[in-house]
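Chains as they are written, first to last, in our numbering: chain A, 1 to 217; chain B, 218 to 421.
Please keep in mind that the hints were generated in silico from the structure rather than gathered at the bench. Bear in mind the structure is a predicted one, so any value in this text is a computation, not a measurement. Built from N, CA and C at the ideal position, the CB exists for glycine as well. A hint or two may mislead.
[To be verified] Calculated cross-link-like contacts (lysine to aspartate or glutamate; reagent style EDC-like; alpha-carbon spacing at most 16 angstroms):
hint : chain 1 : residue 1 : chain 2 : residue 2
1    : A       : K99       : A       : E43
2    : A       : K99       : A       : E47
3    : B       : K272      : A       : E47
4    : A       : K72       : A       : E89
5    : A       : K117      : A       : E43
6    : A       : K172      : B       : D405
7    : A       : K204      : B       : D373
8    : A       : K39       : A       : E78
9    : A       : K32       : A       : D53
10   : A       : K172      : A       : E154
11   : A       : K172      : A       : E150
12   : A       : K204      : B       : D371
13   : A       : K146      : B       : D373
14   : B       : K272      : B       : E290
[As the list claims (entries may be wrong)] Taking CB as the label site, the calculated pair distances span:
hint : chain 1 : residue 1 : chain 2 : residue 2 : range
15   : A       : A35       : B       : G300      : 51 to 61 angstroms
16   : A       : A64       : B       : K223      : 54 to 64 angstroms
17   : A       : L196      : B       : P347      : 38 to 48 angstroms
18   : B       : A281      : A       : T86       : 52 to 62 angstroms
19   : A       : A56       : B       : A295      : 35 to 45 angstroms
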Amino acid sequence: MKHVSGALKGEFEPTVRVPTRRALAKQQTRAKVLAAARKLFSESGYEGATIRDIAAAAGMSTGAVFANFTDKSDLFREIMFTDMVTLAEAMREAANRGKTVEDALMRAFTVGYSFYKGQLPLARAAFSVSWSPEEGVELRFSAAAKALRELITEQVQLGVERGELSQEAEVKLRGDMLFDAYLANYPEAIFLGWSLEALQARSKDQIRVILAGARRG
Amino acid sequence: MLSVRKSQKEATRQRVLDAARDLFETQGYEETTVREIARRAEVAVGSVFTTFASKGDILSQVMADRLEELYAELDRVAPHLRGNVADRLRSLFAIHFAFETRRTKLFLAHIAAAYDWTLGPSTRPYGKNPRLRQVIKDCLAEGVARGEIGADQDLDLIVDALMGVYAWTYRLAAWEGADAEEMSAVFDRQVGLLAQGFAPRVAR
Numbered sequence: 001m002k003h004v005s006g007a008l009k010g011e012f013e014p015t016v017r018v019p020t021r022r023a024l025a026k027q028q029t030r031a032k033v034l035a036a037a038r039k040l041f042s043e044s045g046y047e048g049a050t051i052r053d054i055a056a057a058a059g060m061s062t063g064a065v066f067a068n069f070t071d072k073s074d075l076f077r078e079i080m081f082t083d084m085v086t087l088a089e090a091m092r093e094a095a096n097r098g099k100t101v102e103d104a105l106m107r108a109f110t111v112g113y114s115f116y117k118g119q120l121p122l123a124r125a126a127f128s129v130s131w132s133p134e135e136g137v138e139l140r141f142s143a144a145a146k147a148l149r150e151l152i153t154e155q156v157q158l159g160v161e162r163g164e165l166s167q168e169a170e171v172k173l174r175g176d177m178l179f180d181a182y183l184a185n186y187p188e189a190i191f192l193g194w195s196l197e198a199l200q201a202r203s204k205d206q207i208r209v210i211l212a213g214a215r216r217g
Numbered sequence: 218m219l220s221v222r223k224s225q226k227e228a229t230r231q232r233v234l235d236a237a238r239d240l241f242e243t244q245g246y247e248e249t250t251v252r253e254i255a256r257r258a259e260v261a262v263g264s265v266f267t268t269f270a271s272k273g274d275i276l277s278q279v280m281a282d283r284l285e286e287l288y289a290e291l292d293r294v295a296p297h298l299r300g301n302v303a304d305r306l307r308s309l310f311a312i313h314f315a316f317e318t319r320r321t322k323l324f325l326a327h328i329a330a331a332y333d334w335t336l337g338p339s340t341r342p343y344g345k346n347p348r349l350r351q352v353i354k355d356c357l358a359e360g361v362a363r364g365e366i367g368a369d370q371d372l373d374l375i376v377d378a379l380m381g382v383y384a385w386t387y388r389l390a391a392w393e394g395a396d397a398e399e400m401s402a403v404f405d406r407q408v409g410l411l412a413q414g415f416a417p418r419v420a421r
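Okay, chain A solo, but in the shape it has when bound (with noise of 0.2 angstroms):
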């Protein structure tokens, strides 16, 4: 569960130095006031939870907090990549043990929707943060966001590979699409409240109409 690829490790690279009993305790501060925040966004949405609150939460003071992170919008965003990555991780695992191309998608997707159906608040506010022309173009944001889309491309290329779909199948822009009706639904999950097989339904319908083309030689 532990590797990262290698464009996402960046500044998390590991030193080579033992880390410094300071360090360590900085390292679990950060952990903690993580943990209390992502609690409480997922609870009361962005808005919803303030640095006061989530200092609380954690056990520490507010200063303890700004000694850690600049502001909310910088634990919100710590949190959000934190989730993608581990998201991107989580949604190859479940892909690569798909049969076909179709059982393969439908196993990511319900890992992404599994994974935020819990805490949708959380999901609500990370999509209006990626949607934000000034928070949008962070290097990190697009570096996770490209990672997820690769996976799905992957598994288009592995159906092309086993012969399921064409070889003329575009892999890169048929698996942009695939990834682009997987976030579309997201609304539904947010504000109407679909269940997770409503979701799976959904997906399941978007995935045979995208990859219909494909299926003809």
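Could you slot chain B onto chain A? The hints should help.
Frame of chain A, contents of chain B only:
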């Protein structure tokens, strides 16, 4: 007397919406305060709040008014569409891309706000506009009538795929600064891929 007051209220409303649209586009939605909108519209902050519940409400109204313009454009163009069903779909969506990129920043703010936690449940989720869906579905139905789409196809599913892909194509504008032409070019190819799938099966 009542009608004078009513028309004054309407004029205020319009001035607020115009001011807000300009500020959201030039300096961004997050960065704009209701106070600034009031100043630019030359009305009191209090009278903004007699008409609108919040900044989010103002944005919703700005976008609703803009949609009326988009519908009008679509209605004007729809009867003159030529070519096969894929080409017609491409034209319809090209109008969307061209329209929204006239004020890209405003549109992206609108998408972000659609997920905003603080907005009420009446906010329409992004990409779910029923009237736009209908325009696309009508276009597909004509395609079925002309024999370009298999009669066994579920049109709602195709509309759904098109709208989902359309909605997320704006990521190219948000993250890569793409313009209407670049987005249309990508989308046109994707329409082609879908069209391969919904074309009627050739009897052999």
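Right, here's what the structure says about each hint:
1. Distance restraint check for A:K99 and A:E43: the Cα-Cα separation of roughly 37 angstroms exceeds the 16 angstroms cut-off, and the hinted pair is therefore not satisfied.
2. At most 16 angstroms may separate the alpha-carbon atoms for a hinted pair to count; A:K99 and A:E47 exceed this at roughly 42 angstroms.
3. As the CA atoms of B:K272 and A:E47 are separated by approximately 15 angstroms, the hinted pair is consistent with the 16 angstroms bound.
4. At roughly 26 angstroms between alpha-carbon atoms, A:K72 and A:E89 are farther apart than 16 angstroms, so this suggested pair is violated.
5. Annotation: proposed proximity of A:K117 to A:E43 holds, straight-line Cα distance about 12 angstroms (limit 16 angstroms).
6. About 15 angstroms separates the Cα atoms of A:K172 and B:D405, which keeps this hinted pair within 16 angstroms; it holds.
7. For the hint pairing A:K204 with B:D373, the CA-to-CA distance comes to about 14 angstroms; that is within 16 angstroms, so the pair holds.
8. Proposed proximity of A:K39 and A:E78 is supported: the alpha carbons are some 14 angstroms apart, at most 16 angstroms.
9. Between A:K32 and A:D53 the CA atoms are separated by roughly 13 angstroms; this keeps the pair inside 16 angstroms, and the hint holds.
10. Distance restraint check for A:K172 and A:E154: the Cα-Cα separation of roughly 9 angstroms lies within the 16 angstroms cut-off, and the hinted pair is therefore satisfied.
11. With a CA separation close to 8 angstroms, the supplied pair A:K172 and A:E150 stays within the 16 angstroms bound.
12. For the given pair, A:K204 sits about 13 angstroms from B:D371 by alpha-carbon distance, which is consistent with the 16 angstroms threshold.
13. Taking the CA atoms of A:K146 and B:D373, the gap is about 29 angstroms. The hint is violated against a cut of 16 angstroms.
14. With a C-alpha separation of about 27 angstroms, the suggested pairing of B:K272 with B:E290 is violated against the 16 angstroms cut-off.
15. Look at A:A35 against B:G300: about 56 angstroms separates their beta carbons, and that is inside 51 to 61 angstroms.
16. Separated by about 56 angstroms at the C-beta atoms, A:A64 and B:K223 satisfy the suggested range of 54 to 64 angstroms.
17. Judged by the Cβ atoms, the range 38 to 48 angstroms given for A:L196 and B:P347 is violated: they are separated by roughly 25 angstroms.
18. A hinted range of 52 to 62 angstroms is violated for the C-beta pair B:A281 and A:T86, which are about 38 angstroms apart.
19. Checking the proposed 35 to 45 angstroms range against A:A56 and B:A295 shows it is violated: the Cβ atoms sit about 57 angstroms from each other.
The structure does not agree with the numbered hints 1, 2, 4, 13, 14, 17, 18 and 19 stated previously, though it agrees with the rest.
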